[in-house]
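Please build the complete structure, drawing on both the sequences and the hints.
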Amino acid sequence: MNGRPPGNRPPTGGWNASVGVGRMPEQRSGARVGAADGARPPLLASRLHPPALPDSVLARPRLLRRLDVGSAGPVTLVSAPAGWGKSTLLAAWTRLVGGSAGEGAEVRPDGSVAEAARPGPAWVSVETGDDGDRLWSYLAAALRAGTGPGWDSAPLPDRRPRPDQLELLAAGLAAREEPVLLVLDDLHRVTDPAALTGLDFLLRHAEQRLRLVVGARAGLPLAVHRLRLAGELTEIGPDDLAFTDDEVADLLTAHGVALTGAAVHRLRERTGGWPAALRFAALALRRQPDPSRWVEQFGGDQPDVAGYLHEEVLAAVEPAARELLRRTALAETVCADLADALTGGSDAGRTLADLAGDGGLLRRDESRPPWYRCHPLLADLLRAELARLPADELRELHLRAAGWYADNGRPAEGLRHALTGGHWDRATEIFVAQWPELAPYDPADFGVPAPAPPPAEAVRRDPELALACAAERAHAGDPPAATAHLHAAVAAANTLPAQRRDRFLRLTTAVELTLARLTGDHAEVRAAAARLIRAHGAAPAGAPTTGSDPAAGAAPLVSPVAGGPRGSATEDAELRAFAGTALGLVELAEGQLPSARFARALGAAREAGRLRTELVCASRSALLNAVQGRLRAAEASARAALAMPPCHGWACRLDCAYAHLALAVVALHRDQPEETAGNLALAGAATGQPETSAGAGTAAAETTATALAALCRAQLLHDRGEVAAGHRLLAEARHRIADRPAALELAHQLLAAEADLLGARGDLEAARELLAAPLRDQVEPLAPVAVALARVELRAGDPRAAARVLPDWSAPEAARWPLPVRLDAGLLDAVLARQGGDERRAGRTVEQVLDLAGPEGVRRVFTRADPAVRDLLAAHLDTGTAHWSMVSDLVRGADEPAERGPVEPGPTLEEPLTERELTILRYLQSILSNVEIASELSLSVNTVKTHVRNIYRKLDATRRREAVRRARELRLI
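Mapping to this note's numbering: the sequence shown position 91 is 214, numbers consecutive.
Derived by calculation from the structure, the hints in this document are not laboratory data. Every value quoted in this text rests on a predicted model; they were computed, and no experiment measured them. A portion of the hints provided could be inaccurate.
Between beta-carbon pairs, the in silico distance windows are [as the list claims (entries may be wrong)]:
hint	residue 1	residue 2	range
1	1054	385	34 to 42 Å
2	353	424	40 to 48 Å
3	168	424	56 to 64 Å
4	300	443	27 to 35 Å
5	603	460	33 to 41 Å
6	1088	1064	18 to 26 Å
7	1088	256	46 to 54 Å
8	934	1064	41 to 49 Å
9	1038	353	13 to 21 Å
10	1005	763	26 to 34 Å
11	379	575	41 to 49 Å
Even for Gly, the Cβ is constructed at its ideal location relative to N, Cα and C.
Take a look at the structure:
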């Protein structure tokens, strides 16, 4: 009776040496406790107590705190597949926290726990075969322990209770002063929902005096959806249970394994943070002479991992679903339509949803239709099984994948599958039809293994096949291999008939341009773009500027054909989009802000119907519009980019990152710090891009994005009072672009922001010195620097000096300034007029500034400005304005930043808000709808609505504004 079911066998080698990995050691006592009914089997004491923790326990404070907070509500669910450490975490929390139900013991930041002031929670380990009566025998015993010796309000039946007994029990629980906390481990083993009907009744009628903490895999018979909808469920899933880099390092240290930080990160990536796999890796690494190299080779085909996946994960999957998993392992990510194409079925959507839901074997994104992906180690195992299929069957699968991808806007994947399957004609067809979409725009696509090269005879028969191979290798970030294929194509070009040579020239030049951009040869990019446009005779939307010399680049491999025929309008648009995008990316890499270039290329991409190119241009245009202060256009373009099909299924992460960075800049200017920080976190692929094998060109391409992100972060640090940290961030960003002479506009914006932070620290002389050089040398654009110096002089108490350096913000040329710079200049002009006694001119100037700021929703220049601007706005409100509502809101907002501090539970709030509720509460201050908040946080709309209702209940509010007001009174926001 005390043995472990086969599904939970620990592997050999000391499976449970640390918390957070698999099941607990078999240290439960076999002692029995008597049952009320002698005819029924006795109860095992081992099932009524959490297992003892090993000496080498790995504390995970963040999860312990999550349980501590969650247990203050009705139900906390820890749900994940096998091997994610659910039982271990619950046992650790139950023993360490001491059953505080969120009120007694406290988990300290270092993972230690203060002594509990109340009894520990009741514990039940659920086993296979627990029917209603057997389960209730254990529940009754556990509740007796959890209620203490003084419980006499209602009888606790030892079998499934009758309705009248349930009502008495609910009434008794509701009358208690302190709640009863009950931990149910492995509740998924109860397969009969009727067995838990009574428990569900108690949850609904005990007035939250019964609180459950549940550990389960899948198929939970509780009314989870009702609890979630009512805001009564705290969920901890695989994403939460996954180990972080720091936790992986702690685990390895506990096992005596030393790895570099990069190797630790790689191990977490390879395992997805899965505790079971990390445990296997830690055990194996102790025997490896070169641990870092072993980490690179670690995968799901490792014997211990493969065995565990087979026994604990795949064994419970239905054969049809398992076959779907195996066939779809051909792709990194999959949607229902692609799965149907690969399996020949028509109902993959439901199977995928089930595997991602109850099974937890797949992760899904929030796109429509949803995309799914396997855990990386499970994917390794499934691909190993897939490779054992007969060769003809595997080739057919690749052909199906190639066709689906090519027909659904993902030609790079289609080309790769066609080449991998040896379908040479299909590969050439995809390349010729989709070449503008095969450009490598995202380093996340780099490093894909190369398909086997086509036979030489196939290349001699059709040299465009070698160009297709070159394009595939370029897309994978492998310039040497791509160059070799390109040379092979050119060597065989003399076999082409005359009518195909023009097309071959265009395709060859496009590949040359792509390789030049990959290797960071900007001169050759410009030269190749010129050759491409000239050979086709199209009028470029993004061709090199007048005076550029095509001969500056390397000599083309194929001589241009003079007087080639002009193509169709669609071909012209393709060339303009392709060349314009490449030139825009080069200029962006050099530190320029080429908004017009990307705008023209965007129009050409839309004209040609090239979605991938359109996404690249739309995301960059959004960022550059945001920098210029065209916030409405930036926001619309960024949101449109994120909604485009190429962004779905974890694809095009760099482009999505640019769109999020644009939204961060928009939110910064609108003084929405939480949204700014949130979008900055989602922009990591653009702002913290790791080095790749593509060379310096790829890393340099994100220099501008990194500088703009530093600008945003520095402002947020300034708002939090961390001025010195913000100043260091700006100085570092400016240093990184110091060797880029084309980055003057960006450099001056960083310089102005840095001087502003120096002024905020009171170091006015240093700020003057910083701004002196560009003003002395008259290096354009000067507006940001001159406005910053005027503010420094005003802070120094010298309005005359400020007036001398302040540029004319109303002059015609000022219309080309970034809008925030122009608004800053206008406000300084108004302040100077007011200080000079000209109240009327000050009022007119403020009104003009408001006319410019209002349509774009700019707030920061007002709310984060010096006190003189706040006084100016207050005076303007009294004298009358066409923007009364806006100014009234700005006057209130100008006082708020100084009051904002770290979020702490309010002193009089009876039931604290959860972390997720606090996050959504901050969003309630904005104008975002629930749908938009859901999109920002990657949640469902119903989940957001549930959290909002819970916030209203806890804050005793009925409307959004009332909840925000109440939260501010409690200093929650």
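Evaluation of the provided hints:
The supplied range of 34 to 42 Å is met by residue 1054 and residue 385, whose beta-carbon atoms lie about 40 Å from each other. For the pair residue 353 and residue 424, the supplied restraint of 40 to 48 Å holds, since their beta-carbon distance comes to about 45 Å. The given range of 56 to 64 Å is broken by residue 168 and residue 424, whose C-beta atoms sit roughly 42 Å from each other. Evaluation of the 27 to 35 Å hint for residue 300 and residue 443 yields a failure: the beta carbon distance comes to about 53 Å.
In this structure the hint that residue 603 and residue 460 lie 33 to 41 Å apart at CB holds, the actual value being about 36 Å. Restraint check, residue 1088 to residue 1064: a C-beta distance of roughly 24 Å satisfies the suggested window 18 to 26 Å. A beta carbon spacing of about 52 Å between residue 1088 and residue 256 agrees with the range 46 to 54 Å that was offered as a hint. Remark: the range hint 41 to 49 Å for residue 934 to residue 1064 is upheld by a beta-carbon distance near 48 Å.
At roughly 19 Å, the beta-carbon separation of residue 1038 and residue 353 lies within the given 13 to 21 Å, and the hint holds. At roughly 32 Å, the beta-carbon separation of residue 1005 and residue 763 lies within the given 26 to 34 Å, and the hint holds. At roughly 42 Å, the beta-carbon separation of residue 379 and residue 575 lies within the given 41 to 49 Å, and the hint holds.
Hint check: violations occur at hints 3, 4; the rest are consistent with the structure.
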